[in-house]
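Undergrad: Spelled out from the first residue to the last, the chains are:
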Amino acid sequence: MEQAFFTLQEFMTHTKSVVYLLMAAALIGLPLFWLFLTGRDEKKRTF
Amino acid sequence: MQQISASLKNAAKTSVWTPFNIVAGIIIAVGLVLTVIRFTGGLGAVTNLDHHTPWGLWIGFDLLCGVALAAGGYMTSAACYIFGLKRFHAAVRPAILTAFLGYALVVLALHYDVGRPWRLPYPIFYSQGTSSLLFEVALCVFLYLTVLFVEFTPAALEWLGLKRARNLVVRLVLVLTIFGVILSTLHQSSLGALYLIAPSKLHPLWYSSYLALFFFVSSMFAGLSMVIFESTLSHRFLHHKMDEHHLEQSHGVAISFARAASFIMMGYLFMQMIGLAADNDWHHLTTGWGAWYLLEMIGFVALPAFFFALGSRERNLRLIRWTALWAVLGIVFNRLNVSLVAFNWQLPADQRYFPSWMEVGITLFIVTLGVVAYRFIATRMPILYEHPDYREQQEE
Numbered sequence: 001m002e003q004a005f006f007t008l009q010e011f012m013t014h015t016k017s018v019v020y021l022l023m024a025a026a027l028i029g030l031p032l033f034w035l036f037l038t039g040r041d042e043k044k045r046t047f
Numbered sequence: 001m002q003q004i005s006a007s008l009k010n011a012a013k014t015s016v017w018t019p020f021n022i023v024a025g026i027i028i029a030v031g032l033v034l035t036v037i038r039f040t041g042g043l044g045a046v047t048n049l050d051h052h053t054p055w056g057l058w059i060g061f062d063l064l065c066g067v068a069l070a071a072g073g074y075m076t077s078a079a080c081y082i083f084g085l086k087r088f089h090a091a092v093r094p095a096i097l098t099a100f101l102g103y104a105l106v107v108l109a110l111h112y113d114v115g116r117p118w119r120l121p122y123p124i125f126y127s128q129g130t131s132s133l134l135f136e137v138a139l140c141v142f143l144y145l146t147v148l149f150v151e152f153t154p155a156a157l158e159w160l161g162l163k164r165a166r167n168l169v170v171r172l173v174l175v176l177t178i179f180g181v182i183l184s185t186l187h188q189s190s191l192g193a194l195y196l197i198a199p200s201k202l203h204p205l206w207y208s209s210y211l212a213l214f215f216f217v218s219s220m221f222a223g224l225s226m227v228i229f230e231s232t233l234s235h236r237f238l239h240h241k242m243d244e245h246h247l248e249q250s251h252g253v254a255i256s257f258a259r260a261a262s263f264i265m266m267g268y269l270f271m272q273m274i275g276l277a278a279d280n281d282w283h284h285l286t287t288g289w290g291a292w293y294l295l296e297m298i299g300f301v302a303l304p305a306f307f308f309a310l311g312s313r314e315r316n317l318r319l320i321r322w323t324a325l326w327a328v329l330g331i332v333f334n335r336l337n338v339s340l341v342a343f344n345w346q347l348p349a350d351q352r353y354f355p356s357w358m359e360v361g362i363t364l365f366i367v368t369l370g371v372v373a374y375r376f377i378a379t380r381m382p383i384l385y386e387h388p389d390y391r392e393q394q395e396e
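Chains as they are written, first to last, in the working numbering: chain A, 1 to 47; chain B, 1 to 396.
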């Protein structure tokens, strides 16, 4: 599972890519989780 | 004053020999003997600390867990006074009291742990090491303990009948809350940052350049869980001290806090994954240490987060209360992993630190002091109910 990196550039490119993918997952996942959390709440009447 | 004499009369009527008092009495008696041994024989007489592990159970549990679990004070008061969520008002005083006792006992525990406890005021008054994280932690804990004491005093002043002093302190609440949040942000994170100095000693799965962030974010859900857990214990043992206002609000507090804790825990999980990705530590997950780390992340963060979410969705208080205990244990697990279990992980087993029974005894002694002090205060002062003289003021 451990990859060999020969330069710092390679290491940073790889780790940053994974971090960006995780950030995207968090940006989608956390609002969905919030919807799950508040799914049973009574909706506020706005009229 | 009438209230004090009435409570003293009530205390005189009830028997002292209750199971709680007997167990607490034995622990305190043993603790006092161990205290004498510690302060006459030195650290070596009671601890298994050595040059490899100079910070043991008293730092890992009493300090790191004590500070994290006392975070309910700043979380609750910030929600109520800064964000204006007055429906959490009933939870503020118990949370502040828990935080105040938590920090007071952290300072007491430090007296046992440092070699020359009489020098504890040195970093503040005598020699400021302004480039040291420990100085920042010392200053914050010193200031925040003072803030918590002042935030706690209205309850004591109401009990003593000192109206003018009480009204003066109540006017400071917003300023104190803001100050408390700033100080907590600083030192909760700095406690994690302390371990940044030991990258070769702490296992890579727990070591991360984001350690400060992990400690701060985890303190948020630790504090929320602790408020729910402490409220559960109060409902079980001090139910007769709660007024209608407190009972009305307590269900809403538990459900809202569970929801908040669940969301923060999920955010914390993502942060942990980002920490792993940034250092490319994934390959450690397939080792024994990886299994231990996954137990912490899945068993004590992801699952409690899910059950908090389920509990708040279904409005299932029983589930929320059990999950709060689970999350509190998870925080203890995390702090002990960082400070003891994954620390010096590369040393052979016979050179690893394991606390002596006397260290465990002192820790139990300090926790028991906290429980006894909480019970003493909550049964006498207006913590779980509103003082009749100020009820209208507090409803505003």
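Rather than coming from a laboratory, the hints here were simulated on the basis of the structure.
Predicted, not measured: the structure shown is a model, and the values here were computed from it.
Don't take every hint at face value.
Stated by the list, open to error - One-sided excerpt, in silico: chain B residues whose CB lies under 10 Å from chain A:
1. HIS52
2. PRO54
3. LEU276
4. TRP282
5. PHE307
6. ALA309
Glycine included, C-beta positions come from ideal geometry on N, C-alpha and C.
Undergrad: Against the earlier hints, flag every one the structure doesn't satisfy and list their numbers going up.
TA: As far as the earlier hints go, 1, 2, 5 are violated by this structure, in ascending order.
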